[in-house]
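These are the residues of each chain, in order.
Number of protein chains: 2
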Amino acid sequence: MTDTSTPPRPLEGLRVIDLTRALAGPYATLLLAGLGAEVIKIEDPRGGDLARENSPYVGRDGVSIERMHDDDVSISHLSRARGKKGVSLNFKAPGAQTVFADLCRTADIVVENFTAGTADRLGIGYAVAREANPGIIYCSLSGFGADAPEGGKAMDVIIQALSGAMYTSGAPDAPPVRMGIPIADMLAPVFAVIGILAALEQRHRSGVGQHVDVSMLGALTSFVAIENWSALAAAGMPARTGLTVQRLSPFGVFECADGYVAIVAVHEKLAQGLFRAMRQPDLAADPRFATRDSRVANAPALEAAITAWSRTLAVDEVVARLEAEGVPVAPVRHPEEALSDPRVMGRGETMPIAHPRYPHQSELRTAGIPIRFSAASTGFDATLPIGIGDHNRDVFRDLLGYDEERLRALGDAGVI
Amino acid sequence: MTDTSTPPRPLEGLRVIDLTRALAGPYATLLLAGLGAEVIKIEDPRGGDLARENSPYVGRDGVSIERMHDDDVSISHLSRARGKKGVSLNFKAPGAQTVFADLCRTADIVVENFTAGTADRLGIGYAVAREANPGIIYCSLSGFGADAPEGGKAMDVIIQALSGAMYTSGAPDAPPVRMGIPIADMLAPVFAVIGILAALEQRHRSGVGQHVDVSMLGALTSFVAIENWSALAAAGMPARTGLTVQRLSPFGVFECADGYVAIVAVHEKLAQGLFRAMRQPDLAADPRFATRDSRVANAPALEAAITAWSRTLAVDEVVARLEAEGVPVAPVRHPEEALSDPRVMGRGETMPIAHPRYPHQSELRTAGIPIRFSAASTGFDATLPIGIGDHNRDVFRDLLGYDEERLRALGDAGVI
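Top to bottom, those sequences are chains A and B. Read in full-length UniProt numbering, the first sequence has 411 at position 411, and its numbers run on one by one without any break. Read in full-length UniProt numbering, the second sequence has 406 at position 406, and its numbers run on one by one without any break.
Worth flagging that the hints you see were computed from the coordinates, not collected in a lab. One or more of the hints may lead you astray.
Any copy, or any two copies together, can satisfy a pair, since identical chains are not distinguished.
Calculated cross-link-like contacts (lysine-lysine; reagent style DSS-like; alpha-carbon spacing at most 30 angstroms) [said to hold, decoys possible]:
no. : residue 1 : residue 2
1   : K269      : K153
2   : K92       : K269
3   : K153      : K92
All chains should be modelled from the sequences, with the hints used to inform the complete structure.
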C-alpha cells in the first residue's frame, strides 16, 4: 500500500510574526514559510513594503516597467511574499503595541530588519515581545549588528564594498567587481534562519526564547574569510586571480567561439585527458606541461595553448570532447538557462511564480527551497497578500479573537 | 548578582558523525561545531582529508607554500577542522561498517559529501545509518543532488558556471566573472545546516530522523533566481550592469584617486546631498538630474559627472564628504582590511587561528559564526585533529566502550 499523501513540512505548527521589508528580512521569512511555518507579514497600512514598488511589474498585460493597472503587482513582491499572510498595523498609532503583543503571544518567532535600534523605539523590540511571551525567538537582521551605533543604511552594495568581497573577483589589477547577485542581502537571512532554528532547538531544553542577532556585514565577511587571503599574501601567492587560478593550472574559465567553459584538469590524469581532447597528446610529454609543478610554473603558456584551441570551437563541442575524456567541464550558462535546468526545476530549487489572477501572462521563475527531505515536503501555501491587510480578518478575528466592533474601531483609528 | 559563566551553546548535547572532505561538507560541520554540537570527523587512515594537502601551510617557521616540517599544518585544515574530534576509519576494510553503525547509535546527525551514490556503495549510506538508529538525521551534500545520475565532479568553478552566477557580475558585454569567494562550496553547506536543524525540529514531533539532501547547483541557482532576470529581459531592462545600476542612478561603485567607493543616492534627498558633497549644488536644478526619472534617463552623463569629481579625491575624502551629507557611502575594502574590522572581530564573525604548537607564528584570521544569541554563546572547543586518528581513544574507547584489545585488533587490521 502506497501512501500518496504529501508529507508534512518540517516547521509545521510554528508561527512567525514578520516585521521585515525589502529583501534581506523577507527572504528569511520566505525560507521559514517554504519549510512550513505560518508567516504573518505586518505592513504599514499607509504604504506597505517598499518592495511593492520595485519595477518590473506583472499583470493582465504581462511584464511591464511601469505599473499600468491597479492590480499589477511587483514581481519582487510576488516572489518574496509567497505563502505569507498579510495584515496591516501602523506601529505609530496608539494601541498598535497591544495588537503586536497579542500576536507575540500566539507566535514562536519574530523577525525584523529595521535599522538597529528602530524596533525598540517603535515599541516592538525584543524586550516587548519577551514580556508578552518568554518563549519568543526574536531575530534582528541589520547592516552591522543589533549592537551597532545607529546610522548608516546597509544596502547590499555598501556591505559588498566593506566586506572585501569586491576585491576577490576579477583580474589582479582590475577595478573591484560588484557581484550581480545581491549576496549581502541574501546571505544574512540564511544565517538568520540557522540562528532561529538553533534557538528553537535550545528552547526545547531551556523552555525559553532569546534574541538572535545577525549582521549583513558579518555574514558576508565570514564568507570572505574562508579563503586565507593574508596567508596567501604572506606566502607570496596571488589571491585575486580573475578567470583562472594559475596555482592550480589548468583551472578556470576559457573562451570558446561562441561563449565560455569552465575546465578543471588539476591532476595528472585529467591534464592528459585535456591534451587528448585538444588532439595534442604530445603536450603531456612537453617538459613545460609534463608534471603538475611544471604546469603551474608555465601556467600562462598552458592557458594560451588551451585558449588557442578552445577559441576555435563551439562551447558544446569543447564540453563534449572533454566529457568524453572524463575531464570536469561545464558551459558557462546565463541565468535564464540555469533557472530552467530540468534538474533544478525538478527539485524545486527554482519555482514558477505568476500573478494569481493572470497566471498565464508570463513565464517567470524564482528561488525555491534548495533542500530535499525524505520524510518532509517543502513549498508555499497558495496565500499572498496582494493588497495590504488582505488577511486582517483571518488573523485579527479568527486567530486573536477580536470581534467586528474592535476591528472596525482599529480600522477607524488608523491602527490597522 | 551577575552570572559570569559562559552561556551554553544552542546545539549542546547533539553529536555529529562527520564523513566530509574538502570544503563544502567540512564547512557544514564547522557551523554545527561552532553552534555547540560535538563533531567527530572520520578520516581514512591511509591519507585523510585532502584539505590537509592544501598550500599554504603554517608551522614553526610561519607561513610557507610548501610543507617544510613534519608538524606543518595546512591552513585549510587548521581552519576547517576547528572544534572537531578526529578518528580514523577505513570504510573499505572489513568490520568498518560495524564501527560506523556503533557511532550512528550514539549520534543525532551524519553529514557526508561524497559524490552521489558513493556512501551507499561504501556501506555507510542513509539506509545503514537508519537501521542502526531510526532517529538519525543524515545529510548528503553533492553537486547535483542525491538523486542525480552519477559522474561529474562538482567543483566550485563548475557549479558557478552552470548556475548562471558568472553572468550576473561584470559589464553587459564583458566575459563572465568567476567569483573569488568559493560561493558554490560555501552556500550548499549553509542550506544543509538549515535542513538538518529543520529535520531536528520535525524529530521533536515525529520521533524519527530522515535524509536531508542538498545540491550545490540547486543552492547557488536558487540564489541567482532571486533576481527577476527573465522579467527584466522581457521588460527591456538590462540585468547585468557592471559596477553601477543605471536604472537606480546614481547607484554603484565609483573610482577615486586611490581606490573606489560605493555610493547610493537613489532618492531625491540623497541626490541633493551628493551634489552638495560634490560642491556642485546647481546639478540639482539641472534638468538632466532634477528628478529621479531624469537622473535614470541621463545616467551615463550623471555617472561621468560623479567620476570626474571622485577621481580627483582620495577615498577617505569622498567618504567623509558624503557621510557629512548623510549619503550612504563606503570604501571598497580589500579582504585583509575587512577581516580585521573591529566590528566584525568583536562579534566573532572572523576569528584568529593558529597552529596549536606555534601560536605566535602568524596573524591569521578565518571565518567565525556570524550569529549572536542573547542566551547562548558560539565558538569552538580547543580540539583539532592535527594527526589522523588523534581522538581514536576518546571516541572508540571512552564513547563506544571498545577495550584495548579490540582497539589493537582494529589497528592491526587497518580498520582504524
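Homomeric proximity label, K153 with K92: Cα distance no greater than 30 angstroms: within (21 angstroms within a copy, 55 angstroms between copies)
Within, between, both or neither: K92, K269 at alpha-carbon 30 angstroms: Between copies, since 23 angstroms is at most 30 angstroms while 67 angstroms is not.
Status of K153 relative to K269 across identical chains (alpha carbons, at most 30 angstroms): Between copies only: 14 angstroms across, 51 angstroms inside.
Hint violations for this structure: none, all hints satisfied.
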